[in-house]
Every structure is written in structure tokens, then in C-alpha cells.
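Asks: What follows is the residue order along each chain.
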Amino acid sequence: MIALWLACGEPAATTDGPPAEEIVAADLGTHDVSDTGWYSEPMVVSVPEGTTSTMVTCGDFGPSAVGAIYDLTTPSGTLAYQGDDPGAYGGFRSDFLDDRAVGLLPVSPRLASEAGDWTLRWFVGAGAGGSVSCEARHRVDTVSERPTLLVDLVFVGVDGLDATTAQTDANFQTALDTFLGDWSAAGVDVAVSYVDFEGDSAAFTVIEVSDDDASELGALFETASPFNDRVVTFFFVTDIANTTAGGATILGIAAGPPGAASLSRTSKSGVAIATLDLATAPTDVGRVMAHEGGHFLGLFHTTEKDGSQTDPLDDTPECGVANDADANGVLSSAECAAHGSDNAMWWTLGSDSPAFSDDQVWVVARNPAVD
Amino acid sequence: MPTAFVALWAWSVWAADDAILDVLGAYEGVPDVAAFASMGPEAAGRLISVATDPAVPPSRRGRAVSALRLFPTSEVQAFLVGQFRTAPEAVLRRKAVGALAAGFGDAALNEVGEALASTDVQMRAAAAHALLAMGTPAAAALAAERRLVEPAGHVVSVLERVGAP
Chain A
27 MIALWLACGE PAATTDGPPA EEIVAADLGT HDVSDTGWYS EPMVVSVPEG TTSTMVTCGD
87 FGPSAVGAIY DLTTPSGTLA YQGDDPGAYG GFRSDFLDDR AVGLLPVSPR LASEAGDWTL
147 RWFVGAGAGG SVSCEARHRV DTVSERPTLL VDLVFVGVDG LDATTAQTDA NFQTALDTFL
207 GDWSAAGVDV AVSYVDFEGD SAAFTVIEVS DDDASELGAL FETASPFNDR VVTFFFVTDI
267 ANTTAGGATI LGIAAGPPGA ASLSRTSKSG VAIATLDLAT APTDVGRVMA HEGGHFLGLF
327 HTTEKDGSQT DPLDDTPECG VANDADANGV LSSAECAAHG SDNAMWWTLG SDSPAFSDDQ
387 VWVVARNPAV D
Chain B
2 MPTAFVALWA WSVWAADDAI LDVLGAYEGV PDVAAFASMG PEAAGRLISV ATDPAVPPSR
62 RGRAVSALRL FPTSEVQAFL VGQFRTAPEA VLRRKAVGAL AAGFGDAALN EVGEALASTD
122 VQMRAAAAHA LLAMGTPAAA ALAAERRLVE PAGHVVSVLE RVGAP
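Protein sequence lines, in the order shown, are assigned to chains A and B.
If you read the first sequence in my numbering, its first letter stands for residue 27, the second for the next number, and so on.
If you read the second sequence in my numbering, its first letter stands for residue 2, the second for the next number, and so on.
Simulated from the structure, these hints should not be mistaken for laboratory data.
Nothing here was measured: the structure is a model prediction, and the numbers come from that model.
Be aware that one or more of the hints could be misleading.
Stated by the list, open to error - Now the stretches of chain A that chain B is said to cover, found in silico as 3 or more residues with beta-carbon under 8 angstroms:
| hint | stretch |
| --- | --- |
| 1 | 62-71 |
| 2 | 109-115 |
| 3 | 187-193 |
| 4 | 346-355 |
| 5 | 374-380 |
C-beta atoms are modelled at their ideal positions from N, C-alpha and C, and glycine is treated no differently.
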């Protein structure tokens with residue numbers, strides 16, 4: 027299938043997308059999972075020579091359980107990460123995800139995806155059942171000087187917005203220009219394709235998630251079926267509601283972090299963006315796209331809202347809890363003005379001109395979805 | 002009133018609203034009651050101001066409505082009922098029914114029942130999820146009644162889960 031890609035609003039060359047042969051898939055087997063919690067046997071992941079990045083994933087263990095990488099050992103035998111004390115190692119991070127656990131190397135320049143036999147174990151919490159299939163996807167190529175990300179824009183029952191109208195809708199184009207501009211300023215080009223949703227739009231245009239059930243979001247992401255597995259799918263929905271919080275809106279949500287880059291049709295294969303603000307604050311919608319795209323590609327919040335965690339990067343400012351001047355448990359943008367609140371991966375829409383750091387761009391440029 | 006005092010008062014109001022908008026602008030997270038603690042008893046009033054300010058983007062107005070569930074007073078309940086019945090934007094009406102259910106429990110069943118009879122399928126879906134989050138026997142009874150007449154399959158599937166173990 028050939029698609030016409032548009033970059034920065036201008037027609038670009040027709041392309042088949044990033045070469046599929048640059049992705050080397052490896053089957054890591056099928057494993058029985060206990061519904062009371064499961065530590066996997068050590069799995070050896072053989073990273074080929076010339077590998078830029080490696081995505082590993084195990085699933086599906088259902089929306090009632092969460093899983094993550096428990097420990098990770100380098101080819102030279104060094105323990106690089108241990109889930110019981112994740113802050114002690116640096117250079118890697120694996121957050122608990124429902125239904126499908128995903129790990130990505132690299133998420134920091136401090137721990138590259140070097141060739142050789144890596145060993146990892148997974149942990150899946152209680153509530154899982156049956157068996158899981160695990161696999162690895164290695165991106166084997168060289169990193170481009172000017173990396174490109176291909177994105178499918180899928181419209182899910184948003185009033186007045188579909189794959190045709192969005193191309194001339196002034197507000198949507200403002201949002202898109204903001205998204206493209208933020209990434210372009212970081213040195214990453216984004217090319218987009220417009221796609222209509224083929225599923226039940228009424229069921230998916232408002233996504234309801236709760237603290238312990240994101241199955242509706244996962245079901246939406248499972249419909250991601252770009253012609254090329256390295257294309258990232260952005261779903262535009264009317265609203266995303268957190269039913270644990272009285273239906274409060276979530277501005278955007280990415281599979282992961284990190285998402286299952288280079289793997290389609292899984293519960294971790296997309297990004298969802300709420301369009302409530304398109305008419306009045308389209309720039310904000312573009313900022314949400316840039317931020318959530320960052321999550322999918324392996325970026326974390328520079329500092330979490332409560333200061334409990336930071337990203338594994340060295341060049342992004344951290345904002346410790348000592349900056350919480352009003353002691354309300356929230357590190358506000360004002361309190362962290364000199365400590366990362368102007369970064370695109372800050373936890374809230376704080377800055378009018380958010381930027382990505384060099385290390386963040388380094389990580390994104392190596393993601394399996396990027397060429 | 003001395004000018005300096007007025008200026009200080011105006012600055013403090015601006016700073017408080019700026020802080021609320023910062024919290025309401027989180028990409029993914031939604032604020033808990035601690036996030037508003039430093040605003041003291043004025044927090045609910047500030048949230049109502051944000052919720053009714055047309056200059057604020059709809060997502061954050063909706064989040065302000067949702068956050069009002071954390072302040073379950075009779076004044077807040079009256080405001081939320083008003084939003085549910087008369088807010089011009091569908092999103093605010095949806096958020097109001099969710100906040101009523103989350104903040105006031107069975108005392109909000111009249112409004113949730115009205116929402117389940119709406120012609121707007123997204124309103125019905127929001128109400129169904131509100132019942133699911135409530136999980137009380139009265140919520141389960143209302144869900145059982147409404148699922149017999151609900152035309153949308155995805156709403157029925159939510160109603161069927163209300164009260165289930």
C-alpha cells in the first residue's frame with residue numbers, strides 16, 4: 027500500500043515508509059503466567075551487531091494486571107536495572123503497564139543497546155491469567171542526521187473532523203503545526219497521513235479509563251494497523267475520561283511509556299489525543315501531541331508531579347520536593363521555573379515554548395519507530 | 002480600600018487561579034484534594050470561577066467541574082446540578098454528572114437517571130460509568146432498570162457490570 031505523506035503541511039514524496047527490513051524480530055517464547063503474580067525465568071535477548079535500539083514486550087496478560095521488566099543484565103554481566111530499587115542504577119526505567127509490558131533500550135545515552143546477549147526477567151502482578159507471548163524487535167541501521175517519524179492521524183468520531191476535513195480545518199492545522207514545529211525545533215521531522223477510523227466511532231470517541239481498567243483505551247490501540255509497523259498511530263477522540271476521578275478529562279495518553287514501537291495491533295500500539303480544546307486552544311492540543319509522542323517514543327516526565335520520580339536522562343533538570351514551597355504535594359510550574367518546567371516532558375502544560383533536551387532527542391532518534 | 006491592598010488582593014487572586022490552571026493543565030493526571038489544600042476554604046469557589054470562565058479552554062473548565070467532587074457541600078451540589086441541566090457545552094454536562102455521582106453518591110441518582118435517559122449517547126455512557134464507579138445497591142438497581150431500554154451496545158455492557166463482583 028502506498029500512502030501520500032505530508033510534512034509540515036506541504037506535500038512530500040510518496041513513500042513506503044521506513045524500511046521494514048531494518049527491524050529484526052526475535053521470538054522470546056510463550057510463557058504461562060500465574061494469576062497470583064509471576065517472575066519470568068531469565069530470558070536471553072541476543073542483540074545483533076549494528077543495533078540502534080531494541081524493544082521487548084510480553085503480553086497480553088489482561089487489563090487487571092500490570093507488568094514491567096524486573097531486572098536487566100548487560101552482555102558483560104553487569105546488573106543494569108533492578109525493579110526493587112529502580113533509582114539505584116540509572117540509565118534505564120521500566121514502568122508498570124497493564125495488559126502488555128514493554129521495555130526499550132535505549133531510554134538514556136547512559137545505557138545503549140550494545141550487541142551481545144542481554145538477560146532480563148519480567149514481573150507481572152496478580153490478576154493475570156493464561157499465557158503471554160514475548161518478543162523482541164531490534165532496529166538495525168544507522169541513526170539519521172535528521173530523523174523522521176511517520177504518523178497516522180486517525181479520526182474517531184470527532185464532530186466535524188475526519189481524514190478529509192482535517193486537512194483544511196484551520197484549528198486542526200494549527201495544532202498540527204505546533205506538534206510538527208516543536209519536534210522540528212528539536213531536529214526531528216514528522217510526516218503525517220490522514221486516516222478515518224473504521225471501527226465503532228460511537229463507542230470509542232469518548233474513551234473511559236479508570237485507575238484499574240484501561241481496557242477501552244487498549245482496545246482502541248489494538249485497532250492501530252498502519253501499512254508499515256514503524257508508523258505511530260495518533261487517535262483523535264472527543265474526550266478521554268478518568269472514571270475513577272468523576273470522569274475528569276485526560277488531555278492525552280500514550281501507550282507506555284514506552285509504547286510498543288514497530289509493533290501494530292496491540293494494546294500498546296498508539297497515542298490518544300482529546301480534541302475538546304481544538305476550537306479555542308489548538309496550540310495546546312499540538313503541545314499535547316508533542317508530549318504524548320515523546321512518551322510513546324521512550325521519554326518520561328522530567329520530574330513527576332509529586333517529585334517521586336525523574337527521567338533517566340542527565341541533561342534534563344530535576345525539580346526535587348524541596349521546591350514544593352506551599353507543601354501541597356504538587357511541584358507546580360512556578361515552583362520549578364528553573365528546574366524543568368519549560369521542558370516538553372514537564373507534567374503539565376506550563377510553558378508557551380517547551381523544548382526537548384539533547385538527550386531526549388538522542389533517545390527519540392534511536393526509537394524503532396523512527397528512521 | 003488602600004490601592005496597595007487592592008493590588009495585593011488582585012495579585013493573590015491571579016496567583017491562586019494561575020496555580021489552579023497549572024494543576025488543571027496536567028497532560029495525563031487529574032488533581033486530588035491535596036493539590037488544592039493550600040488554597041484553603043476558597044478552593045471550591047476558585048474552581049467554580051474557572052469552570053464558568055469562557056476564556057478558559059473547555060478541557061480545563063471540565064476538569065474544574067470534575068474536581069468539585071472533592072468538595073461535597075450543598076453549594077457545590079447546587080452548582081453541579083445547574084451545570085448538568087444548563088451548561089451550554091456537552092462536555093461540562095457530562096463532567097457534572099460524573100462529579101455529582103463521585104461526590105454525592107446515591108444523593109445524585111436523580112441526575113444520573115436523567116442522564117441515562119438523554120438522547121446523547123455520550124451522556125448516557127458517562128452516566129453508566131458513573132454508576133459503575135459508585136457501585137452501590139441503588140446504583141446497581143438503576144443500571145439494571147436502564148439496561149433493558151438502552152439502545153447502545155457499549156453502554157449496555159457498562160451497565161451490566163454495575164454491581165457485579
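Asks: All the hints need checking, so say for each whether the structure fits it.
Replies: Quick rundown of the hints versus the structure:
{"no.": "1", "hint": "62-71", "verdict": "violated (count 0)"}
{"no.": "2", "hint": "109-115", "verdict": "violated (count 0)"}
{"no.": "3", "hint": "187-193", "verdict": "violated (count 0)"}
{"no.": "4", "hint": "346-355", "verdict": "holds (count 4)"}
{"no.": "5", "hint": "374-380", "verdict": "holds (count 3)"}
Violation of the numbered hints given earlier is confined to hints 1, 2 and 3; the remaining hints are satisfied by the structure.
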